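Colleague: The chain contents come next:
Number of protein chains: 2
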Amino acid sequence: MLAGRVRDANGPWIAERLGELGIDVTQILLVGDRPDQMASALRFLAASGVDLVVTSGGLGPTADDLTAAVVADMTGRPLELDEHMEKVVGDIIAKFADRLRWDADALAEANRKQALVPRGATAIRPAGTAPGLAVPPGDGFAPTVLVLPGPPREVRAMWDDALASGPVRAVLERTAPFAETHLRLFGVPESDIAATLRTVGEHTDLGPLEITTCLRDFTLEVDLRRRPDDAAALAAHDAVVAEIDARHGRAVFSRTGETIDEIVFRLLQGRTIATAESCTGGLLAGRLTAPAGASGHVQGGIVSYSNEAKEHLLGVGHDLLEAHGAVSPEAVHAMAGGALERFGVDVAVAISGVAGPGGGTAEKPVGYVCFSVRTADGREITRDPVLPGERGDVRERSVVLAMHLVRRLLTEG
Amino acid sequence: MLAGRVRDANGPWIAERLGELGIDVTQILLVGDRPDQMASALRFLAASGVDLVVTSGGLGPTADDLTAAVVADMTGRPLELDEHMEKVVGDIIAKFADRLRWDADALAEANRKQALVPRGATAIRPAGTAPGLAVPPGDGFAPTVLVLPGPPREVRAMWDDALASGPVRAVLERTAPFAETHLRLFGVPESDIAATLRTVGEHTDLGPLEITTCLRDFTLEVDLRRRPDDAAALAAHDAVVAEIDARHGRAVFSRTGETIDEIVFRLLQGRTIATAESCTGGLLAGRLTAPAGASGHVQGGIVSYSNEAKEHLLGVGHDLLEAHGAVSPEAVHAMAGGALERFGVDVAVAISGVAGPGGGTAEKPVGYVCFSVRTADGREITRDPVLPGERGDVRERSVVLAMHLVRRLLTEG
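Sequence order for the protein chains is A and B.
Counted from 1, the first sequence has number 230 at position 230 by full-length UniProt numbering; the numbering is strictly sequential.
Counted from 1, the second sequence has number 334 at position 334 by full-length UniProt numbering; the numbering is strictly sequential.
Derived by calculation from the structure, the hints in this document are not laboratory data.
Don't take each hint at face value.
Note that the list lumps identical chains together, so a pair holds whenever it fits in one copy or between two copies.
As a list, the in silico DSSO-like pairs of lysine-lysine whose alpha-carbon atoms are at most 30 Å apart [to be verified]: (1) Lys-87 / Lys-113; (2) Lys-113 / Lys-95; (3) Lys-364 / Lys-95.
Since this is a predicted model, take the numbers as computed values, not measurements.
Using the sequences and the hints given, assemble the complete structure.
Modeller: Printed below as a string of structure tokens:
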């Protein structure tokens, strides 16, 4: 991977999948794409005693993509042309080349390179154009190496085949899946959970339980992981869950790791929804329409960034905007009403706020955001918190908060 | 950092900043948050001969956040309470606690822990609640260590102070910034650039030039980096740029690293814009409104996810939709016209496509997306490509392509 130029979208995902299988992931390394850097990283990992190394990236057509060669060298397995895989890759590439009119010579060269397989390794059918490799230990190099391409979509698509390959199966047979609980909380700071865990630790040994807390997408994720046959770990698990329920029960919205997006999608089945957004500029509509099947309930939305748009497209009264301002509980109430009516939906969500960095006043500072979620049958939730963070934070946090308000209104009703 | 649970948003950013200062970043490590894992990683990096280690994360209030203690131990510098920093952190925390009604005891404990500084190190004023640390070498541990908190926003906010600290300045004085060229291309596959670079390599020695190519946000980034006083590197640089211009000149939209978002923002000064989105569900409007100051030109948008919304909110004719379908050049032309008229803007962008996974037909497969960019004075660009990838890819790629079409119409006009 090109050090410093690429966000690592694969490491955490792979680590999570391996964790579910009972494999303890001890390190994630991002290294430069020079052969010596890669070799040095592999030697470091082998010396730390790991059973399995998963690499991603470095299988592409550019000359600096050398992962397969480095792994072949490290395990003393010469690269050999896999003719079946050459044909598989060739067929895939031919389709691309035809459709996109790419340079055929460059593609043919890439083709040959990508069908080279270390002797004794298993090639994994590509999802893009690059096959993966499952390489058994060899030449004093003890870990099994699973070599995957860089694009996250390909890693995900090839994952099941990779696990089914002989060399990886041999590693998996030596472990058992963890038992896991995935609590998701909204609106609780990490420091409160830390205090809760300290309290539990005063009377219960938490040692045998692996607890990770992580703030992601403004959601506090508390993951509990234990060996399934460990009674002390189970006792610790139950004590932690009981204390979190006692102190933060109202904030727990998922006990299965189900995301707020999945919950809202589920709640919207058989209903229709529309949005009216100002400061979030369409991000809430974008998020609601992200999952396949969203067209079953999302009718649309209006991004009323200007006051004129709020008046003309959502029917918000000019006098109301003059009296209360575009960022006010009154304005979002009217915006949501406009969306209910214009789209003829069951549920409407309106957001208007001061995202910053400019536009804040003493009374309505940067981060002040008003929310209204209304149903066609007359129920409503309104909120107007001051959200922390900079412009991007305020916008993204507003979207997440709006999702939770939709959840609340639809589960209470 | 919690291995496997967190996407590394800091490593690449920090590596890029250091690279600009002439520091060659050789490795990015993500390690678990156990002290022995962290210590092992620090020893590995020291053994590889680096001058500077930057850590992020592990400064939070939870008991597993131990970076400062590990670095103190490694450099033989006992932790001491920095009373000035204790007061700074205390004041910050008091404000949060007051506003958000968090548990004051938990916060006070966090406060004390976060004001502990290894002897001889420089504390860096926090952007959130956790100060950073610049720790000079010590006790046989040769690298300087810069310890930063985990949240990307805080890393960015504290970066200038961190560079100005004595220990980091001492490292920076030993290097000189690289000369860099940042080409940005849209619509060229990485394999074509690879072929172009191979051609140049046949007659010019590219060894002294560092070339990284990276596909990010559907944009091909070609970064050329060289020591400023190296004549051979300059010759290689000029040869590469000339060949890319000759072969892919039309695709080059930036030579300074300026992003498509920055270019469109600049072009929209003194104009107004609105959107009409179907398959992208508001993501284009969300992207246009991301930068501060967007309200100067973005009037708003309509997410017409359903056909009813296309008719009623954008005035697309029922007969037109019947005759050509909602995904057609005719439909987006009418949608853009509706947005021009409804919002009274200078420029309107309409997108309608088959994002998938369902809904594709032989004639209009998944990935078929229609675009219309129109100006109030009658100019227009229409496109209807079949975009590769899955639902999320198609949506995001459509947004980027729309940004480029806006750029093209506004630079040609």
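Colleague: Each hint: holds or not?
Modeller: Hint by hint, here is what the structure shows:
In this assembly of identical chains, the alpha carbons of Lys-87 and Lys-113 lie at most 30 Å apart only when taken from the same copy (12 Å versus 60 Å across copies). Taking the shortest alpha-carbon separations for Lys-113 and Lys-95, only the intra-copy value of 18 Å comes in at or below 30 Å, while the best inter-copy value is 59 Å. In the homo-oligomer, the alpha carbons of Lys-364 and Lys-95 lie at most 30 Å apart only across protomers (18 Å), although the nearest pairing inside one protomer, at 56 Å, exceeds that limit.
Checked against the numbered hints given earlier, this structure breaks none of them.
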